[in-house]
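K.L.:
Here is what each chain is made of, one letter per residue.
There are 4 protein chains.
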Amino acid sequence: MLRFALFGAGRIGRMHADNLVKHPKAALAWVYDVVEASAGEVAKRHGAERASSVGEALADPAVDAVLIASSTDTHVDLIQAAVEAGKAVLCEKPIDLDIGRVDACWAAIRDRNPRVMLGFNRRFDPSFKAVRDACQAGEIGAVRQVQITSRDPEVPSVAYMKAAGGLLRDMTIHDFDLARYLLGEEPVRVACFAQALIAQEVRDLDDHDTAMVLLETAGGRQACITNYRRAVYGYDQRIEIVGETGMLKAENRRPTTVERWTKDRTEAKDPILHFFIERYQEAYNAEIGAFVEAVEAGAPMPVTFEDGRRALLLANAAYESLRTGAAVTVEE
Amino acid sequence: MLRFALFGAGRIGRMHADNLVKHPKAALAWVYDVVEASAGEVAKRHGAERASSVGEALADPAVDAVLIASSTDTHVDLIQAAVEAGKAVLCEKPIDLDIGRVDACWAAIRDRNPRVMLGFNRRFDPSFKAVRDACQAGEIGAVRQVQITSRDPEVPSVAYMKAAGGLLRDMTIHDFDLARYLLGEEPVRVACFAQALIAQEVRDLDDHDTAMVLLETAGGRQACITNYRRAVYGYDQRIEIVGETGMLKAENRRPTTVERWTKDRTEAKDPILHFFIERYQEAYNAEIGAFVEAVEAGAPMPVTFEDGRRALLLANAAYESLRTGAAVTVEE
Amino acid sequence: MLRFALFGAGRIGRMHADNLVKHPKAALAWVYDVVEASAGEVAKRHGAERASSVGEALADPAVDAVLIASSTDTHVDLIQAAVEAGKAVLCEKPIDLDIGRVDACWAAIRDRNPRVMLGFNRRFDPSFKAVRDACQAGEIGAVRQVQITSRDPEVPSVAYMKAAGGLLRDMTIHDFDLARYLLGEEPVRVACFAQALIAQEVRDLDDHDTAMVLLETAGGRQACITNYRRAVYGYDQRIEIVGETGMLKAENRRPTTVERWTKDRTEAKDPILHFFIERYQEAYNAEIGAFVEAVEAGAPMPVTFEDGRRALLLANAAYESLRTGAAVTVEE
Amino acid sequence: MLRFALFGAGRIGRMHADNLVKHPKAALAWVYDVVEASAGEVAKRHGAERASSVGEALADPAVDAVLIASSTDTHVDLIQAAVEAGKAVLCEKPIDLDIGRVDACWAAIRDRNPRVMLGFNRRFDPSFKAVRDACQAGEIGAVRQVQITSRDPEVPSVAYMKAAGGLLRDMTIHDFDLARYLLGEEPVRVACFAQALIAQEVRDLDDHDTAMVLLETAGGRQACITNYRRAVYGYDQRIEIVGETGMLKAENRRPTTVERWTKDRTEAKDPILHFFIERYQEAYNAEIGAFVEAVEAGAPMPVTFEDGRRALLLANAAYESLRTGAAVTVEE
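Residue numbers (my numbering), protein chains in the order written: chain A, 5 to 336; chain S, 5 to 336; chain X, 5 to 336; chain U, 5 to 336.
You may find that some hints are simply not true.
Since copy identity is lost for identical chains, a pair holds within one copy or between any two.
Claimed, not checked - Below, in silico cross-link-like pairs of lysine-lysine (PhoX-like), each with a Cα-Cα straight-line distance of 25 Å or less: (1) K267 x K253; (2) K29 x K133; (3) K166 x K133; (4) K48 x K273; (5) K166 x K48; (6) K133 x K48.
I should point out that these hints are in silico values taken from the structure, not numbers from a laboratory.
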């Protein structure tokens, strides 16, 4: 049984708490949040303790693991503190918005045999994982081209966007990780076009809501990421991989299999699942499961700190491409 | 080059004329219709002669084949006359509405080495044919259950229904033939439920517009036919076969592959092809081609007079089932 | 909080126990099974007590409800005992194989304000329910034709079949209920063809493995049920309803949305979910939820004792149709 | 009736001849090819004359129009000669591989009221056209992102590639035109990644077989083109457009609607149509029809010389992007 402290009791923290307690080998011991009421509510719901500080939870020797779901700017400090306290860590993406701070964090923990997993949930989606497994098993030979379509149903709030580090570090970062996961080779070049077409508030923040990114590996494999922040038809999450001997796709998911046939339209289906909490429910559960299993077995983390760092490097390269108008070589 | 006389220049006759002249080995020589203007128009369009009588066309030794697309009550006489004149015959379904007249026709022609093909167009639909070919090739092992969904977009005119011999002899007869084609064994028992739910004029004619028919072969294979005469979403034509090692389906067809994704509905497709002339265009062309090829090669007809007779026997058995409320054994 | 006694700790009982304990308003208090070890194991897993007799559990005033998942021949006695003890009842289908015993059971309990729900799980499948809700909301006007395709992946064991009362009372009974649920009118006529085509053991038991059933309501609405017991491609569970202004379908479900495109086949998808426990997982959960909600609210049961009786009447009529070869009018 | 001279009797010229003669308002009068035997064969098949020179055909006052399907390097001379002879011109893409020669050609003909249509066949595909028409009708509001997937089934011959001007001018040029057709605004920036991953002969020619191209319009609309030259699953031709209020897609086409369901794979469909002659058969016919109609009506050409020039400018910009590693602004 793995006993968790949860840091962060906002929307994503609450979701993780709900998933965690359903896992037969996981238990929620402590909840901390700067908003005491939130921490208290989540703790109470699941029979855990509210921690009055991060330190209080980390000091409990019965705590095995920390789940970090607080705001991004707190991640590196919490990772460091948790590793120093000898806890395993499951941290929501991104590690940080600043590569310098990411590297400093790693420098501080690397000699402590850190057990840190990044929460790139999409790797645990059953459909995406099946596609990756089929690739690994050689089902389509060498991978040649990857297409990732990733569209949100709606532009986030201004408050959210202000803290999120920009479209490419907030939203595309998932797709950068997914591209690495699917390409089977490290991307070395990035070109990016991005725009603010949807909403004035996005323009006001010098942020983007519409983007296309090309990636290329040293071996010449290619990926294209397509992002958009107001897909009225729902949370559009699809992948497609072409290899030497075939193509694999994973399509969107819906709540039912109902089709409607009328005078004007045939085989019309439900809207797709609305947003990440519904769409990736199974993935979030499998992510917790993979973390618990790896920690218990002392096995390598399924998604590493370095994976988190690499995704940020790709986001940075994409911003550099936007700034210079050139394809950018990813720095090591 | 096979030179045709066309008897009947109504809607279906005109369609056959259009298809026929596109075939590289077929030519239209004569057109006859009781409505002289219709015959004249079709003849003129394709550079053929208008015949002032059936006899005039049959007397032309250059005529190799006759395509019968006139009203059902003229079929047996025309078949007989054409066979006596030594012509090959492609006759629209049904042979006749009366099994006695069908049998008499056969008695009159059987010793003349008759070259008569029945126009069950659906056997030549590329999708249905591919399903049948896969069955014949053993792809799903022994056939066990066949489902045929066959719905018209609209109730026909009263005039049409008056002459058509009732739903089961007019519309279901195609499905009876298709069931025989797909089952791979002869149906020996029939049970039928039929209703007039859609339109008062159907009730007034003591006809039906909604029907379900079960068929069973001596070997126990089963088929279900579902008919309906006002499918607002289009001409619904589907088959499905389950066998020992798999299932084969053929789905509806559409003019384009366009999908529409909106707030309310996703992957919504075009209406399916509206009615038989669009839906079975390729089938009608392939039917002409198969006839031409069989006649030129002296090969067996791909759909025989006996096939036409068998379909009528099944329709008669279905009417008997309706009358008695019992499952009816098909008479030989 | 509704406290349950579970009677029957076999496969289906264990599944219900697992679902039940996840419901926020349900608790498992007692487990009884003639096989003590099974009852003990399930009780232990969920922190419940093993009852040494049915009476012990029913005598506990803290028990609010009974979930009957024992063998079919025990259902009516358990229903009666539970109702007499003042408990609400959720009973697996069928009530009994014998309509006389069903009617006697009802006679014994009807004056006690019985709170009995039948476990026709398919009514709670999100897709089937969405189709029914759309019908009820008038989305396709008056219902005209219902097609239910219901195929098992494999023939059950001989032991199972011996106790199951035959294909039509064991498997088709679900489809009879579903037909009633979807037709919106009571079926009054039944015609049935059934065969034993798949396995010698089915023939040896005088049972069937391949069946097609037609139903007709007083208003002329029609349903066709297609059953087969060895669909190699998985547990085939589909419905289709045509009405005045459209068609609604619910298709099969799969574990992922992956598509494989190769030289020979395109858009090939996963096998469908294997059998009822996977396919109807959400339905079983919703069924428990609906029971809990109805009991707590004192509301009418969503599936009644009479629904269970009606399904059996249809199965009996189908057997009568098989015996006589006639369409059978359903007895009241 | 429009009388045509056909210049070029290779594969694509023969296809056009076959389509042309089926059009009710078009006739084939002359065929010219540097290979006399080819010209003679096509002329004979359709009852046309073989021209011993281009001039012989152009000198015939009965010739209304010229269809240019000869090798690319002859296009500009033939366009010029035909325009000077007062003929309407339907010219296969591309106009030329060299923008200088394209501009010179235009300078030479622009004052002669040239009637020149470029053969970008994909604009006439019923599905692509339906998508564009829906966009024009405002069905999805302002266009935001276009995705074009365009993959050939196989690498062409070395001889073909040597004359074709490279992947981007030969294959992608269709997609550049399609992107312009669908974006509704002129692309002004291009970024391109291209590789030779498939075949040694492609590398030997310094050509590419795997490419991704990003386009951006002045208004910020984006398009991504994905090209690959050995899609084992067939000629992959799809488009997808996201706009303010929805998404429109056009999917691949297949010869039948058959689905195969087996133990391992469900809903498996036929391979998609193999290559352009099958896939775009309806498009080629519609292209001829649109040309005939425009010429007869004296209406604007549906695809202009400038459209051909613009597509070449985009290909050139893509090559410049490859050379410099930068996003390239399209020259006017």
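K.L.:
Against each hint, give a clear statement of whether it holds in the structure.
P.N.:
For each hint, the structure was consulted:
For the homomeric pair K267 and K253, the shortest alpha-carbon distance between copies (15 Å) is at most 25 Å, but the shortest distance inside one copy (31 Å) is not. In this homomeric assembly, K29 and K133 come within 25 Å of each other (Cα to Cα) only inside a single copy, at 23 Å, whereas the closest approach across copies is 34 Å. Proximity of K166 and K133 under a CA criterion of 25 Å is satisfied in neither setting, with 32 Å inside one chain copy and 42 Å between copies. Taking identical chains as interchangeable, the C-alpha atoms of K48 and K273 are never at most 25 Å apart, the minima being 40 Å within one chain and 44 Å between chains.
Taking the closest pair of Cα atoms, K166 and K48 never come within 25 Å of each other, the shortest separation being 31 Å inside a single copy and 51 Å across copies. Taking CA atoms no more than 25 Å apart as the test, K133 paired with K48 passes in neither setting, with 35 Å inside one copy and 35 Å between copies.
When held up to the earlier numbered hints, the structure conflicts with 3, 4, 5 and 6 and fits the remainder.
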